[in-house]
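Turn these sequences into a full structure, and let the hints guide you.
2 protein chains.
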Amino acid sequence: MSKWVYSFGAGRNEGSAQMRNLLGGKGANLAEMASIGLPVPPGFTITTEVCTAYYENGRQYPAELREQVAEALARVETAVGLKFGDHQKPLLVSVRSGARVSMPGMMDTVLNLGLNDQTVDGLANASGDARFAWDSYRRFIQMFGSVVLDVDHHRFEEIIEHVKLDRGVLEDTELTAQDWHRVVAGYKDMVEEVTGEPFPQDPEAQLWGAIGAVFGSWMNQRANTYRRLHDIPESWGTAVNVQAMVFGNMGSDCATGVCFTRDPSTGENIFYGEYLINAQGEDVVAGIRTPQPMSEARAKPGERSMEAAMPAAYAELVQVRATLEKHYHDMQDIEFTVQQNKLYMLQTRNGKRTAAASLKIAVDMAREGLIDEKEAVQRVNPAALDQLLHPTLDPSAKRSAIAKGLPASPGAACGVIVFSADEAEARAQKGEAVILVRIETSPEDIHGMHAAKGILTTRGGMTSHAAVVARGMGRPCVAGAGSITVDYASQALMAGGRTLRGGETITLDGATGEVFAGTVAMIEPKLSGDFATLMEWADKVRRLKVRANAETPVDADTARKFGAEGIGLCRTEHMFFDPERIGAVRQMIMAETEQGRRAALARLLPFQRADFLDLFRIMAGLPVTIRLLDPPLHEFLPHAEHELAEVAETLGADVEAMKRRAAELSEANPMLGHRGCRLGVTFPEIYEMQARAIFEAAVAIGKETHKAPVPEIMIPLVAMTRELEITRAMVDKVAQQVFAESGYHVTYQVGTMIELPRAALIADRIAEAADFFSFGTNDLTQTVFGLSRDDAGKFLPTYVEKGILPKDPFVSIDIDGVGALVRIAAEKGRGVKPDLKLGICGEHGGDPASIHFCESVGLDYVSCSPYRVPVARLAAAQAALASGGGDRTA
Amino acid sequence: MSKWVYSFGAGRNEGSAQMRNLLGGKGANLAEMASIGLPVPPGFTITTEVCTAYYENGRQYPAELREQVAEALARVETAVGLKFGDHQKPLLVSVRSGARVSMPGMMDTVLNLGLNDQTVDGLANASGDARFAWDSYRRFIQMFGSVVLDVDHHRFEEIIEHVKLDRGVLEDTELTAQDWHRVVAGYKDMVEEVTGEPFPQDPEAQLWGAIGAVFGSWMNQRANTYRRLHDIPESWGTAVNVQAMVFGNMGSDCATGVCFTRDPSTGENIFYGEYLINAQGEDVVAGIRTPQPMSEARAKPGERSMEAAMPAAYAELVQVRATLEKHYHDMQDIEFTVQQNKLYMLQTRNGKRTAAASLKIAVDMAREGLIDEKEAVQRVNPAALDQLLHPTLDPSAKRSAIAKGLPASPGAACGVIVFSADEAEARAQKGEAVILVRIETSPEDIHGMHAAKGILTTRGGMTSHAAVVARGMGRPCVAGAGSITVDYASQALMAGGRTLRGGETITLDGATGEVFAGTVAMIEPKLSGDFATLMEWADKVRRLKVRANAETPVDADTARKFGAEGIGLCRTEHMFFDPERIGAVRQMIMAETEQGRRAALARLLPFQRADFLDLFRIMAGLPVTIRLLDPPLHEFLPHAEHELAEVAETLGADVEAMKRRAAELSEANPMLGHRGCRLGVTFPEIYEMQARAIFEAAVAIGKETHKAPVPEIMIPLVAMTRELEITRAMVDKVAQQVFAESGYHVTYQVGTMIELPRAALIADRIAEAADFFSFGTNDLTQTVFGLSRDDAGKFLPTYVEKGILPKDPFVSIDIDGVGALVRIAAEKGRGVKPDLKLGICGEHGGDPASIHFCESVGLDYVSCSPYRVPVARLAAAQAALASGGGDRTA
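If you read the protein sequences in the order shown, they are chains A and B. Position 446 (the first sequence) corresponds to 446 in this note's numbering; numbering is contiguous. Position 76 (the second sequence) corresponds to 76 in this note's numbering; numbering is contiguous.
It is worth saying that the hints were derived from the structure and are not from the lab.
A pair holds if it fits inside one copy or across any two, identical chains being indistinguishable in the list.
Here are the computed lysine to aspartate or glutamate pairs in the EDC-like style, where the Cα-Cα straight-line distance is at most 16 angstroms:
no.	residue 1	residue 2
1	Lys794	Glu664
2	Lys802	Glu725
3	Lys794	Glu592
4	Lys659	Asp487
5	Lys3	Glu14
6	Lys794	Glu667
As structure tokens, this is what we get:
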């Protein structure tokens, strides 16, 4: 015979915390608490398997269930000396759902079940408090009515209001037993009117009604949607917990409370929580009465702590706190009730906490010996670190939101609105804090983005230019705030019915995507020593190396400060936009002949060489992956007609020729156009200049420091093996030339981005010509989905909302599609070349879920923006631990 | 001991035509001819395995080779009664390469090998003709010098010119034995000067020098490049043929000739060719003397046919012709020499022929019983059919080429230049033949393309809008002629230094991509009964169904005429551009609310329904696959500012609102933007209207004809299963509504395009929601390569030229990348749903190589533009035969 029901409490604990899948989180922990000797009112759990069987069997319960429930209930009756449905000494129970993970949409709780027109009198007699009994009865009808019988809760409130009006009182507390009696009568009439049936008086019927409601709610619309969004299989099912009631509302020696074993906002090791005397569970959170602090130390004048009011129960609770932490090795969120000075535990679970608290608790507990270092590393959500590295808005500050965009780069920023990069730079130089507001940004805006405290765009997604660059710089950014209209001509933005002009102040919250008018107070980040400790522990266990995407000395310095182990992506084109260089770049583009291009490139060479000198110095001894020119040439030309004319004049070029060239270069789909190695193949002189700059700089650093860097030269957008062979041959040739000229040799590698589906599909052949692969998952996501990240903003949010896509695939790697190709390429590449170095340099390199995927595929490193490096280090450590690794120090 | 040398002729034939891989084409056929009793001068073939061994072994010959060559040579000596190197009766030989397939870049031929300062006298004595002997000697030095010793051929010509100048004569024929003696002396001195060594006098050394040159040329640059471009493995190697010389230049009873067993231009069953009396091989093709016809019937006044001049040899040759055709079952291209009235066969191979000839020969031979029907089907190159279906330029007509673009749609066309679709339509209505010249075309130009005789664009590739639409309409088109500059403002085009204005005449050759100024005479296609016969035979053996891509009744009619078995792709958006409808389409796009969009869509509904009524009637009983709206909405809005204003006025809309909407809709990469099912998901009302139009039309035809069509509704651009589930649910709902309203039910299917890498990678899951897959290999090629077909023109030609890509992947499917995904999707899809219908509707559906791939993957049908249907039928038949199928009638 299958066992469908597990008892707990009063000396019979058939479950344990390990049986979460069978008993749900709540049931498993009730059994666990009871079995370690904590005071848990007796009860039983109907297993999740009943739920599954119920649905598999056309909504029929297993045959043995009723009998097993009856037995378990009888045991509870015996244990507490009461009888379910007895008119004198009625047993009342609570019925609660309890899935493996807590899930919105599920039926939650029915208290006081077992009350009816007879047992209410029994309760009144037994407790000696008729008001309590009738209040309990009306609470039961209300809960049962709304969650089991689906009666609109307003209908109940109307009846109470009506009685209060009648009685001329304002507060529920002023109502007497008699009044509650009237309320109960009103409730019963109303329920019968709505449902067409009298309110069930039979406690058995009540019990099965509540159980059925829990199981029924497993398949309701909200629960289904939630499961789909969170990948929770339908087959998991929910459990139902039935437990003897204890009452915190039977008088002034009764109380109920909710607390955390440590402070969930700071992580401080103090007992934190609140309680109410003479109250039932929901009163604490309902906000009608002000809950009181737990400890006397925390009590403000006028407050009465539990420590003072109920010293014995409090002392026991402090014991329980220690027991629970020692038992669960984690901070607990607990619910308790004191009935007539006796403490009962009703729930325990791991407590939610802020980022700062999670860090502190993890490190503290490891130091206290409650957990080991590896466990501490697993306790902190890597995404939470982002909060710790950036300023945040003061949660208590007043604010006036005007729009919401995408949380594109974390942190908060406040400053005056400017609409151009040049103005941003000019005003910033005068010491003003500015927010750069653009419809979208382009590489020409980089100096302004650097100068600004924050960036706001009205177009583009999480991997738009603005978002990527802002994250790289550590600037807060709200991107794609489509409800804002920007009018450059009138230097104003319109949003939420308001118009804000250039020079007015706004505040951005890059962590939520919110935009506020005016100044909102901020909290500066404080990086505690705990942060460094945790990072150290993480580094001990991770296998994946972590590099940074960086081009400038500032970025490279930041990256090292955050622990990057090299540069995984240096985008050389970012170096071309500097005002000193862009002229030569444009001259090169305008040249009609190879000779003309070579002349312009010769002017660029010293600049590029200097760039690499700086990077190689900062990254001494660490690998630096340099991607040769990638974007289409038209990105370097101005767009507006008057700009074209200006540039033509500067270059001494014919404006008509300039326009013609710009028109020639324009593309219908630049993402799929003449870029990447296609440029290197058609204009070899560009890659030759870049290779020369790299090798000359590497040689110079080698001679200077006797510690030459190992440049990893990366060819972008390879689709055919031959493209890599041709461009690689160019690079090798230049290397030999420079080594011969300088009489100095440096080791280097040549590899390729795998960022097109075709490259992944023929990776075995490409591997023969490559020293390394770096997965460019930004472009791979674009091509695998056929989705332009610049244009996806129009429908991607709808897609994520509707659950068509679980997450933005530009943020977290799409394992089924993009991931499938990464896996194919990794296997094919390593099949040919077992020691092929594999890395990832898309935006996914800083996303924890994607890092787990990278670990599972066996990549060698991830590369991400400098400010994400700590996140990546922690995520990499967790991934190593999850995959059974992490024993590097063992 | 390995056998490295195979003898032929004079009664010892160790090879045969089947041994082409070992002996090369030439050697295999020499042995074959000899073994069926034809007069072949004796010789031997050094096998391709020697070539392979030579390269595998550091350019060393196998140990036994010299001995085997010596033996084989001795046999030849005995057979012809001459001795290699003998001063009195010297044996001379020819040395020729002979790979499996003929290959440019390989060393071709050295004749008269064995001559030196002594043997030349022996030859003079034996032949009684000193001039012949010295002429032969200088020819040998010249050939050996240039191909074996790598001496520039100009150096030889200079010496002859010098002697002629000296002697005051103009023609080679005027030179005497003495003169040739002087030439030989000059040649020897010059060769010694250039190479630093005397010209080899030892016949053995000459022989091994020539053999070494043949093997050496297998690895030269040109041969390597050719092999890479044509996928010929290096390991195949080449053979070397050494054969006793016979002389057509020993007097007036000698001759040499080249002929075809049937007319290679028309296929007519007559003996076709030319010969020259007293000449050696190269004289026939050198053009110094005019070759004469073979048969008396073909001789024009003043010509002397071989039939008349050498009746006995001619009669023997006519016998040989019959023997060869009977033996090889194909038209042969043969070389012969007559030495002193005796006929010798020097080569036979299958003859090249025109499209028309290949068709006629195949059908004739099958009727004559030389081959069977299946063989006939395999004999005609499907691509050649294209020539037969379109007008072509008269090859003898004068022409003045001004530019060359891509051969985007076959056929020739001639007409006056117009630069706009409206003008094309206006002038065509007046009866003028016009050529529409555009930088590129867009869907708004379709009426002008229809009105034009041909289309010329200066941008875009083989699958640009112009190319695809032109092929669909059967209009000749030259696309992407980048050397032409079009200036709409001045209504002129500039090309090749000339300016042509609107109204001037040009001619296009869509088969070659050439553009000519003025009128070039054309030949209209004549479709013979042979065509219908061959198609009938093809249909008997093919497994793949062939459908057409068609939207209009005209296209659908054409498709049926050409044998299409349904419509595989009806692009509904093409129906939206009609002037009657575009207003409603734009109104829909401009609407700010769903209600507004529904109102506009209601206006479109009757038009769409009418479209489908027409198609369903024409395709009665055949499947019709209809793709719901695919392109981004901005494609339907005008681009220029004044057009926007015009349209705004027509719609009664605010021009500013119109501009704003156009700006809102504009996309950075429309190919990867808000299109396909993304429109259907975000604007369900569009797909609902389209589904309603389809079902109402299907019901109407069902009621009218009692033969309802089976619409196959196709959802484009699916990347996630959920997209298909959502849009499919919409379609199903509308279907049920229409069936309920009409009281009539039709069977239908809902499937999806597989045109994104992600769809292919998760095809097993998508298959669960799909009744069929249609591979959209145009878009799949774009995403797999990360290559916009609109922009690829800038580098794709370079890529194909450089051999980075073997072929334009938009023309012939990329088997390694795109094909890999098609295979994955087919396997995953069928794994879940074994009877899943699979088709292809990209441009590749009409490409023979791609059709072979489709057969190998097991697709059910291909769909292509109407004019490609016969090509596809034939290619499908060949693919079935190649894969061992084709026994449908057996």
